[in-house]
Amino acid sequence: MLSEGTVTITVKLFASFRRGRFREASRDYFAGARIADVVADLRIDPKDIGMIFIDGKHADPDRTLRAGDALALFPLLGGG
Amino acid sequence: MNEADRAFLLAQGGDGLLSWAAHVRVAETLGLSLGEVEEAALVEGLLPSRYARNRATFSIADQLRFRRARIGVVGCGGIGGYVVEGLARIGVGAIVAVDPDSFEESNLNRQLLCTIAALGTAKVDAAASRVAAINPAVTVVARRERLTRDNGARLLEGCSVVVDALDSIIARRELLAVCGSLGTPMIHGAIAGWYGQLCDAFPGEAPLDRLYGHGEGPGEQTRLGNPSFTPMAAAAFQVAEVCKILVGQGETLRGRALMIDMSEGDVEAVEFADETR
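Protein sequence lines correspond, in order, to chains U and V.
Mind the numbering: the first sequence is residues 1 to 80 in our numbering, read in order.
Mind the numbering: the second sequence is residues 1 to 277 in our numbering, read in order.
The set of hints was computed from the structure by calculation and includes no laboratory data.
C-beta atoms are modelled at their ideal positions from N, C-alpha and C, and glycine is treated no differently.
A hint or two may mislead.
[Said to hold, decoys possible] Computed Cβ-Cβ distance ranges for the label pairs, DEER-style:
| id | chain 1 | residue 1 | chain 2 | residue 2 | range |
| --- | --- | --- | --- | --- | --- |
| 1 | U | 61 | V | 119 | 41 to 49 Å |
| 2 | V | 265 | U | 34 | 27 to 35 Å |
| 3 | V | 206 | U | 43 | 24 to 32 Å |
| 4 | V | 209 | U | 22 | 21 to 29 Å |
| 5 | U | 55 | V | 150 | 38 to 46 Å |
| 6 | U | 28 | V | 265 | 24 to 32 Å |
| 7 | U | 28 | V | 203 | 42 to 50 Å |
| 8 | V | 109 | U | 26 | 37 to 45 Å |
Here chain V stands alone, though its shape is the one from the complex:
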């Protein structure tokens, strides 16, 4: 950005904030994308007003890390819809949304992106529309494909963190193998009925081999169902994990599994005592 453009951008701000109207005006005047304007504003210490309530939690430097991040969300159903929502609102610059499926009526009980009008349409397209309506500075790369060991590296190329929002144990193992080969941290979240579990799989670590080590079944969700609240809870924790990894705040779930029991209002972190940390 040249000096004149920079001066124009700074003149549009007030009290360190850049309003949405000004953001759009800068983009149109200078011929830049909304994302490019956001990046330039953050570099100049100007915070888009939409992130004003992020400010006490995350610094402008943190916000710039979000802006420059590309995060994979594999599965755009119960958990994934809320993960996409949370990432877009916090200001993650690019989201790679992967899901081969279309919405059906049984998704209406819990999936944020599922509306009556969206029945029969692709979940990844709904993710892109939703993000465009909330935060058009965020790019959604919609991949209407089933992720496998063969196509995973291509689908998730360039992602710094990948969120596991899948709905089967087999698919999760595939994703972990892909993330392991890419050297990308994977944030696992799974639910069944009132219960949920989360953990982080950093490269070289295989906590899913522990969580899924003994069973041969498909998982308790086939018996217990998928209500509205457990995917929300799992997704909230997963978005927080992504934020922590991107900005280096807090303590990640590395080496631990978080077990959520919403029927008893109980959350417990279980240490993997013999896991490499």
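Chain U with its partners taken away, still in its complex shape:
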């Protein structure tokens, strides 16, 4: 059972962020955690992030997580 102080969200990773991590996972964070805390937990360098979505909409790293959020993280791809 989860404690009251926990939020469960879905994290979806794209492209190179999947390497050594996962594609999509349900994860628990402490209540009040922000997107930046998820990024740190996943050991992703914030400089490498291109786009952050929550439920298909743009979100900032300081956005506080809510139970049921679907967070998606996309890396910067710039080659050609």
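Starting from the known structure of chain U, arrange chain V on it as the hints suggest.
Frame of chain U; chain V shown alone:
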């Protein structure tokens, strides 16, 4: 074209097709360019035989839209080489190829236009030579310059669609600003390692501000490299986007980003739910 010339042109066709030999004969006899003959043939409902396998996908009216189109390709490296190839083969009438660089050995792993003989020569010149060898009815305007906010409007004048085949995020932002000021749709494609992303930026829309909204880094390609297959995949989708915009078929990527993961064999369209559509 006068009646006699028109009759001569039509007499050269057979089964609704105009062979390459006949195409050249008409151009030489009537003193027209190969492009002018192609245009006249399509207006008359005569399809150059080279486009016979386009026919079930695109109508003659569509082929005429390709013929009359002028498309900008900014960057003639990994992605851009394949984009130029695809546009020339489908029958786009004019391609404006923009790239300041020359070929070097590290381009040989992926860049279609890069051959050993071409090392040290300008990428835009290779684009022009390649197109001339495939489809001389297509005009290539070779611009050996680095596109910036200052020269972009001049370089891309008259283009109805511009393909982003650049290799840096900074340069892509510059191109988007230029396309925005020209009111020209831009087809974005970028790769890194096994991964690629695509989207369409129509005037007034700024999907790159989303895709590149948070990062400060140069992009994952500096760590993951640029293999042969991801530029091919990105370019294929970009050429299809150009075709869709020109003829109005299918569903464009407007309001979406297409994320390609070739390591897992996975392509996913991500909706920009809050983007103007």
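Going down the list of hints, with the structure as the test:
For residue 61/U paired with residue 119/V, a C-beta distance near 44 Å keeps the hint of 41 to 49 Å intact. Look at residue 265/V against residue 34/U: about 34 Å separates their beta carbons, and that is inside 27 to 35 Å. At roughly 30 Å, the beta carbons of residue 206/V and residue 43/U sit within the given window of 24 to 32 Å. Under the hint 21 to 29 Å, the C-beta atoms of residue 209/V and residue 22/U, about 28 Å apart, fit the expected range.
Range check, residue 55/U to residue 150/V: Cβ separation about 40 Å, and the 38 to 46 Å hint holds. Residue 28/U and residue 265/V have their C-beta atoms about 30 Å apart, which keeps the hinted 24 to 32 Å range intact. Against the hinted window of 42 to 50 Å, the Cβ-Cβ separation of residue 28/U and residue 203/V comes to about 44 Å, which satisfies the hint. Range check, residue 109/V to residue 26/U: Cβ separation about 40 Å, and the 37 to 45 Å hint holds.
Going down the numbered hints, you'll see the structure goes against none, and every one checks out.
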